[in-house]
Amino acid sequence: MSLREVLTPFSVWKRVLDAPVSIADPFSREASEHYRGFHKNDMETCIGCGTCEAICQNGAIDMVPVEGQNTEKGDSGLRPMIDYGRCCWCALCVDICMTGSLTMSNEYTWVDSDPDAFRFIPGLNEPWKDKQAGYKRENGRVLSGTTRSPMGELHANERIDNFNEICVGYTREEAILEADRCVECGLCVATCPAHMSIPDYIAAVRDQDYDRGLQLLYETNPFSEVCGRICTHKCETSCAAVHEGDAIAIRWLKRHIVDNVPLERRVELIGAPKPATGKSVAIIGAGPGGLTAAYDLAREGVKVTVYEALPKPGGMMRYGIPEYRLPYDALDRDIAVIEAMGVTIKCATVVGVDVQMEDLRQSHDAVILAIGLQMGRGTRIPGSEGAGVERAVDLLRRITAGDPTVPVPETAVVIGGGNVAFDIARSMARLQKIKYGRVGLTLTALEDRAHFLADKEELVEGDEEGVLILDSRGPQEVMRDPSGQVTGLRTWAVTSIFDAEGRFAPAYDESDEQIHQGALVIEAIGQMADTSLLGDALTEKLEWNRGRIKIDSEMRTSEPWLFAAGDAVKGPDVINAVADGHRAARTVMEAIAQGEVVQ
Amino acid sequence: MKDIDETFRKIDATVPLREELRPRTVTTPDGQEITIEPLKDYFCEAAPKVHPKAYFQIVENFYNWARSNSLWILGFGTGCGAIEMRPLMTPRFDAYRYGVQWRPTPRQANLLIISGYLSVKTLKRAIRAYEQMQGPKYVIGLGSCTINGGMYWDSYNTIKRLDDYLPVDLYIAGCMPRPEALLHGFIELKKLIRAGKAEGTNRYAENFASYKAAQKSVIKDWDMPDYNW
Amino acid sequence: MMRDLHALLTPRHALGPLEIRRENLAFVTLPASNLRGFLTELRDTQGFSHLVLLTAVDWLEEGQFQLTYMMNNRARDLTLGVRVMLDRTTAQMDSIHDLWPTAATYQRELKEMFGITFPGSPRLDEEFILEGWTDLPPYRRDFDSLAYSQQTYAERPGRVTHDPREYMKSKLYPGG
Amino acid sequence: MFSFQPDRSEYPQPGLDGKLEIDLETGKYLKLWHGPNHPGITGNMSVELTVCGDEVVEGKTHVGYLHRGFEKLMERRTFIQVFPIVCRVCVPEPDFNEYCYAAAVEELAGIEVPELATWMRTLILEMGRFNSYMMFLGGIGGALGLGITGQWMTYVRDLMLDRFEELTGARIYHMFILPGGVRGHLPEGFAARMEEVLQTAETYLADVDKVMFANSVFQLRTKGIGVIEPALFEPYGVTGPNARAGGVAKDVRKDSPYLVYDQLDFEVATGMDSDIFTRAKVRRADIQTSIDLIRQILKKMPKDGPVMAKLPNVLHWKIPRGETYIKGECSRGEYGYYLVTDGSGYPRRINVRGPSYTHAMALLEHLIPGTNISDVAALMVSLHTYPPEIER
Amino acid sequence: MSSFHWVQIPYALLTLFIVLNYGLIMTAVVQKIAARVGGRHGIPFWQNYIDLVKNFAQRSKITHGVMFYLGPVFRLAGGVGLLLFVPTIYGSTWAQNFSFAGDLVLALYFVFFGTLGMALGAGESGHPHAAIGVSRGLAQVTMAELPLALAVYAIAVQYHTLNITEIVAAQQGGLFHWTLFTNPLATVAAMFAFVGTMMRPPFDVVLAPQEIPIGPPTEYHSAYLALMQTNRAIFPVAKTVIYMNLFFGGASSWGEFAIKVFALYMVSAFIGVVHPRFRVEQSIRFFMKWGVPVGVLAILMV
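Chains as they are written, first to last, in the UniProt record's numbering: chain V, 1 to 599; chain L, 1 to 229; chain E, 1 to 176; chain R, 1 to 392; chain C, 1 to 302.
Hints are computed from structural coordinates only; laboratory data are not their basis. A quick note: this is a predicted structure, and the numbers were derived from the prediction, not measured. Even for Gly, the Cβ is constructed at its ideal location relative to N, Cα and C. Please note that the accuracy of each hint is not assured.
Facing chain L, from chain C, some residues (calculated, C-beta under 10 Å) [unchecked claim]:
(1) 35
(2) 39
(3) 42
(4) 43
(5) 44
(6) 47
(7) 50
(8) 54
(9) 58
(10) 59
(11) 62
(12) 214
(13) 218
(14) 222
(15) 248
(16) 262
Quick partial rundown of chain C residues pointing at chain R, CB under 7 Å, derived from the structure [what the hints assert, rightly or not]:
(17) 10
(18) 275
(19) 279
DSS-like, lysine-lysine: derived pairs with alpha carbons at most 25 Å apart [said to hold, decoys possible]:
(20) V:234 / E:171
(21) L:212 / C:61
(22) C:289 / R:223
(23) V:234 / V:274
Using the sequences provided together with the hints, build the complete structure.
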C-alpha cells in the first residue's frame, strides 16, 4: 500500500467540476430516426389482409372492422388492432406487411392506469399519426418473395407458325417456389366469381398434396384445366402480393395441380355423385355456365341433359379461344370429368330446330338457358357491310371447326382491344405465317396501351409475335377499292373515349388520320346473344333488360321453370360463367326441393 | 389470435405430486404434532387493514404532495425491465432529481415496480414484498407483459394480468419501455397521488379475499423462508 | 479427423454412423449402456474434456427421448454430439456427475423438465426452476403450454378478431 | 494480529453423497438468503447461504424466478417467430442469442449470409460485449460499495445504447440479426459517432483504472478471494473470462473463429491468479479488445452490399430434419444454441447453452463454502452470471 | 456556566432546530456533490424534508416488539443527547446547550448510546440481515472508537480538562492553536475514528446494501424510519461538532460552524466516494494497524 496507491483514487474527484451529463429534459427526448416505436397504419393503403396478424408471435393483432373502411374487392375492410399488452415491437408485422402501410413511429411513451386502454387501431387518431420518423423496413420486403416464378413459354419464333400451346406449365420446383410466396390472406377468394378456395389449393401445392388440391378445385370449379389456362384471373388483381411485387400466379398454380393429377385419378378423387333423385333438368348450351350447372346438378343426383348446337361441347371455350391458349385436349379432359358424373351432352342439337323449347319444358323439371354470346357486334362504320369485313367470333369459330374457307389475306386489320381481338389477331397472324411465311396484321384499339381491356400478356405476346398494335385509334371507314375489294381501314386518333358523364362517346383528333393497309378487316368489339331459339311466344313472355333476359340474383327468369346463366346474362368470361352455373344449379336444386317448378 | 385452440387438453390431475408438496405430519419445537398441507397452509390470510385518509383534506393533500415527491422504489428487478432501471439511477437519466430513490428493503419502499413478466415463483416473492411494504404504496406495471401477458402470453409459467394479483396504479407499455417512458410514468404516478387517486393499498385491503383467491389459483406451493422476499 | 476418431472408437463402443454436420461438428448415436465408457475415453484419451451441454429431445411420435451430450475438444476445435436414445416410458439414464460435476445441474433440469431420472445424481429431486409444479414435466411434447396457460392464468377479455376471408364472405357474398 | 479464521473442524462435513447435514436447531448456523430481492445478487435469482459466524458453510443457488419456458415457447413458434423471442433469453447481451439462433437456422436451412451482414453481426456482437462488460465493471464496483464505477459505466453503456438505437432501432432488445442477415445498413456518419463514444469510454475507463484497479481497498477485497483452481475448469465447464483469468486462453473467437473474427487482429487477454481481481482485470482488458475490434470492424468492413439473403416466405418456412450446435464467445464465456429440426415449420427443440448455467450453479456452489458473507456478492458478480440464461 | 437556568431549555431546542435543518440540507448537499463526481445532478437539496414528511405520513406501520419500537427512539435520543451536551457555538450565550465540566465523557457515551439502542431494536426485528448488521456494527464501531478514545485521552492530558468548552477555549487565538497543529497525532487518530464511524465507504459494511441489505435498519419503516432519518440529520452533525470542538478550534459563530462542520463532513464523503468498503474484519485490522498505534503515539507524545 504505497502512498501513490492511496492517493490515486482521489484523482477522479476532478469530475466533480464537470457539468452533469444528465439529459436536461428526458420527457421530450426523441428516439432515434429508425426507432421501433408505436405503430402507424396508412388506412387507405392497408388492405386488411391480416398477414401482420399471422406473423405476430404474440397474438397481439386482431383484425377488426373500421368505420369508413368498406369491404370491397382486394380490401377486406378490416384493419389491424394492436394490443400493447402483447406487442414486443419486433416489427415483423412491418416487415411482412404486404402493402407497406403498416409502419412504426419513433414515439414510445404510453402510460395509463387503465390496463384495457392499451389496444388501438393504428391509423385512426393516435397522436403520432403524422410523425415521419420511425422504423420502416429497408429496401423492400425481406420476408416473403416479391417476384413471380417465370412461366415457361414457347419462344415467339417457335409458336408463330403453329397453334401449339404457348405456356408449358410450372415444374414442381417452380410451383413450390411460387406457392411459397402466398401469405394465405384469402383476399382473392372474394374477387374470384366462383370463390374458389385459392389459399387452400396453393397450400396443397406447397405441401405437394395434389390430390387434396384437386379436390379443393372441384369443390368450386369443374373447369380447372380451362381456368388454369385462360381464366381472366381477376383474383390476381386483388392478391395482397400485388402491392409490392408480382401477384401470386394463382392461375398457373391451378393448372399445375391439374397437370399433376391424371384424368382417371380425378374422377376417383371427386367420388361418385349422390344417388339419383329421379329429377331431370335440361340445359341449353354446353359452355362453361351450362356444363358447370350440369356438373353440380349431376353431383346432386339429378339427371342432366345438355343440348348443344355445335358439333362439340365447350361453347366459347372451344370455338372462341384459340388452341394455342387452350388446347382442345385440355378442354376435353374437363368435359370428360363432367360426363363421368352422368351428364348427357347432345351435340349438334339446335334448340328451336331439332328440339323445341316447349318439349324441354314438358320433359324436364327445369330448364337452364346457358347460350352464351355467339354473335359478334359490328362497328357500323362506312364500308363495314359486305365481303372483306368479318366478325371475330365467327372467324374464330370457323378456324376451330377447321373451315377451309376462312380468308387468310396477306394483310389484315383488327378493330378492338379486348381479348377476343387479340385472339383473332394472333390466330390470323399464325395463319398468315403458315401461308405466307410472314405476319401482316394490324390491331387498332380505342384505348391507349395502359388501358387495354385485354390481359397484359396478350399485348406482350402480340408484340412478340409481330402483330402491329396501334393504340388510341378510332375506326372511321373501311376503305374499299372501286371493285369493292377491301384495302384497309381509316382511323383517327382518339382524344377521349368517355364524356364527362362517363358515357361512351369517343372524341377524335381528326388531323391525325391513318390508313392501315389490309385486305381483311375484322371487327372484335363485342358480342351478343342469339336468343332466337326461344321462339316468339316465349320471347314475348319473358322480361328483358337492355337486350338481355332479365334474371334475379339467383338466376331465375320471370318464368318459374326457366333459369338462365352464363355470358348471355352476365359478362363474358369463363369464371363468371362457372360462378353463374353454380348459382343456377343451386337455385334449381332449391326450387326442385320446394316443388316450386310447376309443370 | 388465430392460434387459440379451444379443444386443448385439460390439466392432468393424475400426475403424482412432488414429495415436498404432499401433506405431511411434522413435530413442532414444542412437541406438538401438526399436519401440513403445503399446497394450502403457507399463505398469510390475515387481511390488511383499510387505513383512512387524514382527517383534514388539506393535511391529506400535503401528505400526498410529500408522497408524490418521495417515491422510494423497491430495488427488486422481477423481469427484464430491471435493466432499464440502472440508467435511471445513473447520470444519463438521473431519476433522483425527480424525487425518486431506490431502497433495498420492502419495508422502506413505497413503490413496487413490476418490471415485466412475473413467473409464478417471482409472483410469490413480489406479493410477499408488496405485503411487507407500508401503505400507502404503489405498483407500476412496467412493460406489456404486465398488461396482458406480452410475448409470454402462452407460457406455462408466467401470469398475464398483473391486476388480478396486485392493485396496479399505472401501466407503461413497451417491451421494454425506455427509461424516458418510465420517467414519464413517475410523473403520471405523481399526478395520481396528488389527486388522491392512488389508493391501491386500500383497494388491496378491501378486496383482499379476491386478490388472495387469484393468487392462490396460480401459486401452488406457498412455502418460503420467513425472511426471504 | 472426426472420421478417424469414429473409426477408432466404433469397435469398442458400438457407435452408430457418424453424421457430419460441418467440419468441426458431428453427431453419433450409441447404446445407453456404452455411454459412460465412451465419454470417459473421449475425455481421458481423446481430449474431449469439455462437456458443453447435456440436454434431451422428446421424439414423442417415436416414443423416445434423445439425450445429447455435447463434447468439445478445444485444442483440435472439434465438437461431438453424443446421442443416446431412451425409452420414453422408463426414461432413466446413468448419471455422469462424477465425471463432470456440472452435469448434476443438467440432470436436475432434465429430471424436472422432462422427467428423465438419473439415479444417484446429487439433489436430483430438489426443485430447480419450477416451484409447486403439479402437472406433466413441461418440456415434454405432450404438455401443451398454451392450454395450460389459458386454463391457469386469466387473460384480459374483450378481444375479437376476424378472418379476412370469412369476413369478406359475410360482407360481399353471404349466400356463397 | 488476531486470527479471524474460525475453527473449520467444527463445521459439518459433507456426507458421501455430497450433502451437508446441518442442524439449524443448534443455533450455531443461520440461514441467509441472498435474493431474489437483494441488491447483492445479479439479477433475479437467489443463493441460500448457511452461515456460521461470518463464514458461509453452504451455498445453494436457486433459480427459476425468470423462467418463461423459452425452449417450450420456441417449439410452438415458426422459425421466424422464434426470432423476436430469442433475444429475451439474455437481457444484458441479447444479440448473442440472435446471432446463435440465426446461424443455427441458416446452417440447417442452407442459407448463405451476405458478407456485409457478417461484418455487421460482428460489430453488433462486439458492441453488445462492450455493454455487457460495462454492466460488469459497474456491478463489481457496486458489489464492493464503489458505486461511482456503476454510475460511469452505466453512462457509457447508455452512450453505446444510443449507437445501438440508431443502428438497430431499439435500446435493449435489438432484434436486428434476422436469420438470413441483418435488418439494415449502417446509418450515415455512424463510424464517427461511434468513435466519439469509444473515446468517451476510454476516458471513463482510465478513471475506473484509477479508482478501482489501483485502489488498495479494492485490491484488499478482491485479491486472493474466490480463487477457481484451473483444475476445476473442465469438470465445471468454466469458459470465457473466468477461465482466462486462470491462465487458460479459452476464447471461441480464437479457438473456433466464427463470423469475421479470423480477419480481425486481436489478442486474448489472460491472467494467472484466477481470483476476483484477476477476473475483473481480464474483463477490463477485454473491453479494450472490444473497443479495438469495433474500430477495426468499422474500418475494414465492406462499404456497401446486400445485408439480407433471400429467405423463403417466412410464413411457411420449413427446415429439413437435422441438428446443429452453434457457439460463440459472449462476454461471459461460451454461448451456444443447440437446434433440432424435424422437417416441420417449427423447431423441434432449441437448447440454450449459457455460460452462467455452469458458472452460477455448480461452480458457485462449489466456491461459496468458506467465503465470508461480505464476499459472496463480489464472488458472484465476478463470475459474471446472468440468471435468465440459466433457467431461460 | 455550570449552573442550570430554565432558559437553557428553549435555547437548546433552538440549537437543535438549527442543527436539524442544517443537517438535513447539508447531507443532501453532500449527496449532490458526490453525485456530481458520477456526473449526476443528484437529489434536490430539499429532498430530505420531503422524505421525512413522507415517512411520517405513511399510514401503516408494524412492530416487532417493544425494543423494536424503542430502537429508533434510543437512536434519536443518542443523537439529541449528544448534541445537547456539546457546546455548539463557542462564546455564544445561548448555543452552549448543557455543557458541563465532564461533558466530554458524557458525549463519548452518547456517541455509543444510539448504536447500542439501535442494536437492541434491530436485534428484535428478527431479520437475520439486521442481526448480522448489528454484530458487524458493534464490532466495527467499538474498534473505530478506540483511536478516538486514545486521542481524547491524549488531549485531555494535553489540556488538563474534560470540559469541551474549556478545550475549545484553549484552542482560540488563531489557526495554530488548534489541536490539529498542537497535537497532530491525536487529530489523525481521531480522524481515523471519524471516518470509521460516518458509515461511508470504506467503513460502511454495516449498512452495505450489496452485502446485507441494509443492515440494522432493514426492518425499519414509516415513522420509525422518519425518526432515524431525523437522527441521521442530527447525529453526524453533533458528532462532527465534537471533533470540531476538540481538534479544529470549535466554532465561534454559526457561519464558522456551518463551514467547519461541512468541511469535516466532506472528509468522509471525499474518501467514501472513491473507495469500496472493507470487510468488517479488514476494517478492524485497519484500525488496529493504523488508528490505534497513532492514538497510542499521540498519548506518548503528550
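Each hint, compared with the structure:
| no. | hint | in the structure |
| --- | --- | --- |
| 1 | 35 | holds (7 Å) |
| 2 | 39 | holds (4 Å) |
| 3 | 42 | holds (6 Å) |
| 4 | 43 | holds (5 Å) |
| 5 | 44 | holds (7 Å) |
| 6 | 47 | holds (6 Å) |
| 7 | 50 | holds (5 Å) |
| 8 | 54 | holds (4 Å) |
| 9 | 58 | holds (5 Å) |
| 10 | 59 | holds (4 Å) |
| 11 | 62 | holds (8 Å) |
| 12 | 214 | holds (5 Å) |
| 13 | 218 | holds (5 Å) |
| 14 | 222 | holds (5 Å) |
| 15 | 248 | violated (31 Å) |
| 16 | 262 | violated (21 Å) |
| 17 | 10 | violated (42 Å) |
| 18 | 275 | holds (5 Å) |
| 19 | 279 | holds (5 Å) |
| 20 | V:234 / E:171 | holds (19 Å) |
| 21 | L:212 / C:61 | holds (21 Å) |
| 22 | C:289 / R:223 | holds (20 Å) |
| 23 | V:234 / V:274 | violated (33 Å) |
In terms of the numbered hints stated before, the structure departs from hints 15, 16, 17 and 23, listed from lowest to highest.
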